Amino acid sequence: MKKFNWQIWAGFLLTIFAFLSYPFIFIEWPLTRDFPWLNLLLFAAALVLLIVGLRRAFKPERRLFSKIAAPILTVLSVLILALFIFVAFIESRRLPASQAAPAVGQKAPEFTLADTNSKPVTLVELVSQPINNKPAKGVLLIFYRGYW
Amino acid sequence: MQKQLDTFNEAGIRVVAISVDTPEESRRLAQLAHYTFPLLSDQKREAINHYDLVHKGGGPSGEDISRPAEFLLDSSGTVRWRMLTENYWKRTTPEQVLAAAKELP
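Protein chains in written order, with this note's numbering: chain A, 453 to 600; chain B, 19 to 123.
Keep in mind the hints are simulated off the structure, nothing from the lab.
Certain hints may be false.
Stated by the list, open to error - Derived SDA-like pairs (lysine to any residue); straight-line CA-CA distance at most 25 Å: (1) 21(B) with 486(A); (2) 586(A) with 95(B); (3) 74(B) with 47(B); (4) 62(B) with 574(A); (5) 559(A) with 113(B); (6) 21(B) with 106(B); (7) 455(A) with 521(A); (8) 559(A) with 80(B); (9) 589(A) with 55(B); (10) 62(B) with 569(A); (11) 519(A) with 543(A); (12) 74(B) with 586(A); (13) 62(B) with 519(A); (14) 74(B) with 483(A); (15) 62(B) with 80(B); (16) 559(A) with 547(A); (17) 589(A) with 74(B); (18) 108(B) with 121(B); (19) 589(A) with 547(A); (20) 559(A) with 541(A); (21) 108(B) with 537(A); (22) 571(A) with 103(B); (23) 62(B) with 567(A).
What the hints assert, rightly or not - Every beta carbon over 10 Å from chain A, so not counted as near; a handful from chain B, in silico: (24) 21; (25) 27; (26) 41; (27) 80.
What the hints assert, rightly or not - Some chain B residues near chain A, calculated using beta-carbon distances under 10 Å: (28) 35; (29) 36; (30) 94.
Note that this is a predicted model, so its numbers are computed, not measured.
Glycine included, every Cβ here is placed at the ideal spot set by N, Cα and C.
Bound-form chain A, shown alone (with noise of 0.2 Å):
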């Protein structure tokens, strides 16, 4: 029984949890998230692994098992960083250009929006009402994509 080949099972892993650690740990600090430097890095580490597991499992002595599961643990990897690059830096920049969203200096469109009860709220009333009893310096308003 020839040694285990540790190296691309291990490129393997590293490959899943360069691609799961960006959504799940990544993203919570700009430094991390706005340039997904540290997740590339993983997959660096993760593509050397694969190689020397690669060049092992292809040496005379190996067993025929190893010939094949090193090339398609290797495929599946390779994949999963394909997908990380297109939702990283393809997918997620797909945004329309909004560009006659009001600006700076500009008066914000009026609207009337219902409340998590149904209750239509008016953007009148998130402007003008008191802050714990201070009258209100501003309102931000986040526009966000949906729960679904």
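Model the placement of chain B on the given structure of chain A, informed by the hints.
Leaving out everything else, chain B in the frame of chain A:
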């Protein structure tokens, strides 16, 4: 945002979040995430149309949703600061908004 809500309120800033979710969906989100600021529902896409924030087909089953955006208005309803991110993973930090809020009259 919830963590910084007191800081915002002390600075006289009301925080309001808007999406195309239904009031029921927003209520679920507020309960789940323990949000205490108002979540408003723009099911008819009226506000996001007026603010030019519609992301056509951006939803999971191709429905029109709002792109991420933040506007800081003063007490007259005039925009004093805004952030239209070009990458939906790249979001405004509360510190950025608080810095802008300091400039309000």
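To see whether the hints hold, each was checked on the structure:
no.: 1; hint: 21(B) with 486(A); result: 21 Å, holds
no.: 2; hint: 586(A) with 95(B); result: 17 Å, holds
no.: 3; hint: 74(B) with 47(B); result: 23 Å, holds
no.: 4; hint: 62(B) with 574(A); result: 15 Å, holds
no.: 5; hint: 559(A) with 113(B); result: 24 Å, holds
no.: 6; hint: 21(B) with 106(B); result: 21 Å, holds
no.: 7; hint: 455(A) with 521(A); result: 15 Å, holds
no.: 8; hint: 559(A) with 80(B); result: 31 Å, violated
no.: 9; hint: 589(A) with 55(B); result: 16 Å, holds
no.: 10; hint: 62(B) with 569(A); result: 17 Å, holds
no.: 11; hint: 519(A) with 543(A); result: 35 Å, violated
no.: 12; hint: 74(B) with 586(A); result: 40 Å, violated
no.: 13; hint: 62(B) with 519(A); result: 57 Å, violated
no.: 14; hint: 74(B) with 483(A); result: 30 Å, violated
no.: 15; hint: 62(B) with 80(B); result: 15 Å, holds
no.: 16; hint: 559(A) with 547(A); result: 24 Å, holds
no.: 17; hint: 589(A) with 74(B); result: 33 Å, violated
no.: 18; hint: 108(B) with 121(B); result: 24 Å, holds
no.: 19; hint: 589(A) with 547(A); result: 31 Å, violated
no.: 20; hint: 559(A) with 541(A); result: 34 Å, violated
no.: 21; hint: 108(B) with 537(A); result: 15 Å, holds
no.: 22; hint: 571(A) with 103(B); result: 30 Å, violated
no.: 23; hint: 62(B) with 567(A); result: 14 Å, holds
no.: 24; hint: 21; result: 12 Å, holds
no.: 25; hint: 27; result: 5 Å, violated
no.: 26; hint: 41; result: 5 Å, violated
no.: 27; hint: 80; result: 12 Å, holds
no.: 28; hint: 35; result: 4 Å, holds
no.: 29; hint: 36; result: 5 Å, holds
no.: 30; hint: 94; result: 7 Å, holds
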